[in-house]
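Chemist: The number in the working numbering is simply the position in the sequence shown, starting from 1, with 39 added.
Since the hints were made in silico from the structure, they are not lab data. In this text, all values refer to a predicted model and were calculated from it rather than measured experimentally. Just so you know, even glycine gets a beta-carbon here, dropped at the ideal spot from N, CA and C. Worth double-checking, as some hints may not be accurate.
[Claimed, not checked] Calculated pairs, PhoX-like style, for lysine-lysine (alpha carbon to alpha carbon, straight line, at most 25 Å): (1) K98 / K309; (2) K171 / K79; (3) K343 / K366; (4) K357 / K309; (5) K341 / K95; (6) K189 / K81; (7) K95 / K357; (8) K60 / K95; (9) K351 / K366; (10) K232 / K65; (11) K271 / K312; (12) K98 / K189; (13) K61 / K215; (14) K240 / K309; (15) K312 / K269; (16) K269 / K95; (17) K81 / K271; (18) K189 / K357; (19) K232 / K215; (20) K341 / K312; (21) K189 / K171; (22) K312 / K351; (23) K215 / K171; (24) K366 / K307; (25) K95 / K65; (26) K215 / K55; (27) K240 / K189; (28) K232 / K61; (29) K215 / K65; (30) K95 / K240; (31) K171 / K240; (32) K60 / K232.
[Stated by the list, open to error] Restraint-style ranges between C-beta atoms, simulated for each label pair: (33) K79 / G217: 50 to 58 Å; (34) G272 / H149: 39 to 47 Å; (35) D80 / Q367: 31 to 39 Å; (36) E369 / K79: 30 to 38 Å; (37) D174 / N324: 37 to 45 Å; (38) A218 / S100: 22 to 30 Å.
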Amino acid sequence: MQNQIIVLDGPDAVGKTTLAKKIQEKVPNTRYLHLTYRWKDKIFDYHTAAIHLAAKWSKLSNVIIDRWWPSEACYATTYRRTSAWPLQGRFCDRVALKHGVVYVNCLPDHNTIERHKLMKEMRVEMYDNIDKLCDLYTDLYYGNPEHEDKGNYIDQLILSGGMQQIPYCLPYTIEKWGAHLDQFVDLIMHVGKTHRECQWKTALDPDDHNILGHRHFAHRLFVGEIVNPKYKGVFWPFYEYNNSSLYLTQALHNLWLNERECAFTNVKDKDGKVDLRYVEEAQRNEIDIIAMGNVAADTMQKHKIEPDGIIKHPSYYKRFLNGEGFKQIENDIQEVL
Numbered sequence: 040m041q042n043q044i045i046v047l048d049g050p051d052a053v054g055k056t057t058l059a060k061k062i063q064e065k066v067p068n069t070r071y072l073h074l075t076y077r078w079k080d081k082i083f084d085y086h087t088a089a090i091h092l093a094a095k096w097s098k099l100s101n102v103i104i105d106r107w108w109p110s111e112a113c114y115a116t117t118y119r120r121t122s123a124w125p126l127q128g129r130f131c132d133r134v135a136l137k138h139g140v141v142y143v144n145c146l147p148d149h150n151t152i153e154r155h156k157l158m159k160e161m162r163v164e165m166y167d168n169i170d171k172l173c174d175l176y177t178d179l180y181y182g183n184p185e186h187e188d189k190g191n192y193i194d195q196l197i198l199s200g201g202m203q204q205i206p207y208c209l210p211y212t213i214e215k216w217g218a219h220l221d222q223f224v225d226l227i228m229h230v231g232k233t234h235r236e237c238q239w240k241t242a243l244d245p246d247d248h249n250i251l252g253h254r255h256f257a258h259r260l261f262v263g264e265i266v267n268p269k270y271k272g273v274f275w276p277f278y279e280y281n282n283s284s285l286y287l288t289q290a291l292h293n294l295w296l297n298e299r300e301c302a303f304t305n306v307k308d309k310d311g312k313v314d315l316r317y318v319e320e321a322q323r324n325e326i327d328i329i330a331m332g333n334v335a336a337d338t339m340q341k342h343k344i345e346p347d348g349i350i351k352h353p354s355y356y357k358r359f360l361n362g363e364g365f366k367q368i369e370n371d372i373q374e375v376l
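Using the sequences and the hints given, assemble the complete structure.
Modeler: What follows is the structure, given as structure tokens:
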């Protein structure tokens, strides 16, 4: 089984660095990947490269990612009004589910603001005031029914009750766990092991690209034709912030579908060979199979697999229905759910 990938995210002054060091100290062979705001115009590509690299590293070691898509969503919302990639979290969550990633939400406590003030005296901090940022991270974990929906993935998470409902997401505060770091690291590794054991073993393999999502959580498997890769070495289904992938994702978002209840595959692998492994797995696990397009439906039916629902491929709605496309794809998805 692949090793554990751990994502640490939260505002400044909440103990991410200390926790990361403790994980490396307590768990042998753990690599550390710290993301910054260095490529601000290519955040989606940067974060894609990060999880792709972490997945490759996970063949031989555990991996900590310090900051990922929640940072872009929360900092952009707080300091830049919005992100250029408001649905990035949905895409990243698909990959995180595939690899059994554990999220650690490093949250503010009663002393965070004072710690941040002290940190500013010792080093240069990007932002002087983090009050609103801290509030947003708190809402992201615990939820807030009064939160304003601005179209970002985190808005739906917050309005749906927050990440506290996700079993592979753990809350950490210095106040509660600072004196018990050993126990918290044990908890992370236990949750991660369980999360990965419930996933298809082949899906955990970084070299197996034709699946996104997680066996334990998926209620439905969206099945396309073949990947149209946009990245070197990355061939995940429906993972591109453009074209059919974005069109489908926007429709799922508009319908408020829970991302972890969705999985994605194609009937052909990146080389054009028929690959129905995960369609067959979905059958065995009583996961609804939704064929998107004639090629997907025909390929399955030729192999004696009858999908639970058939809709047109997202590219059809995008190319031929113009402004009515979203309404139609949303209606069609609702009918087959």
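Chemist: Assess, step by step, whether the Cα of K95 is no farther than 25 Å from the Cα of K65, and give holds or violated.
Modeler: Status holds; Cα separation ~22 Å.
Chemist: Taking 25 Å as the top limit, are the C-alpha atoms of K269 and K95 close enough?
Modeler: holds, 18 Å
Chemist: Checking one constraint from the list: CA of K312 to CA of K351, max 25 Å. Satisfied?
Modeler: Between K312 and K351 the Cα gap is close to 21 Å, so the pair holds against 25 Å.
Chemist: Tell me if the straight-line CA distance from K189 to K357 falls inside 25 Å.
Modeler: Roughly 23 Å separates the two Cα atoms, so the pair holds.
Chemist: Does K312 pair with K269 here, judged by a C-alpha cut-off of 25 Å?
Modeler: holds, 19 Å
Chemist: Holds or violated: 39 to 47 Å for the Cβ distance of G272 and H149?
Modeler: Cβ of G272 to Cβ of H149: about 45 Å, so the range 39 to 47 Å holds.
Chemist: Hint check: K232 vs K65, CA-CA at most 25 Å. Holds or violated?
Modeler: Holds. K232 to K65 sits at ~16 Å (cutoff 25 Å).
Chemist: Between K98 and K309, is the straight-line Cα distance small enough, at 25 Å or below?
Modeler: holds, 21 Å
Chemist: Just to be careful, I want the Cα atoms of K98 and K189 compared with a cutoff of 25 Å; is the pair within it?
Modeler: violated, 38 Å
Chemist: Hey, K215 versus K55, does the alpha-carbon distance stay inside 25 Å?
Modeler: holds, 14 Å
Chemist: Would you mind confirming whether the straight-line C-alpha gap from K215 to K65 stays at or under 25 Å?
Modeler: Judged against 25 Å, a Cα distance of about 19 Å means the pair holds.
Chemist: Given a hint of 37 to 45 Å, does the C-beta separation of D174 and N324 actually sit inside it?
Modeler: holds, 39 Å
Of the numbered hints listed earlier, those contradicted by the structure are 3, 5, 7, 12, 24, 27, 31, 33.
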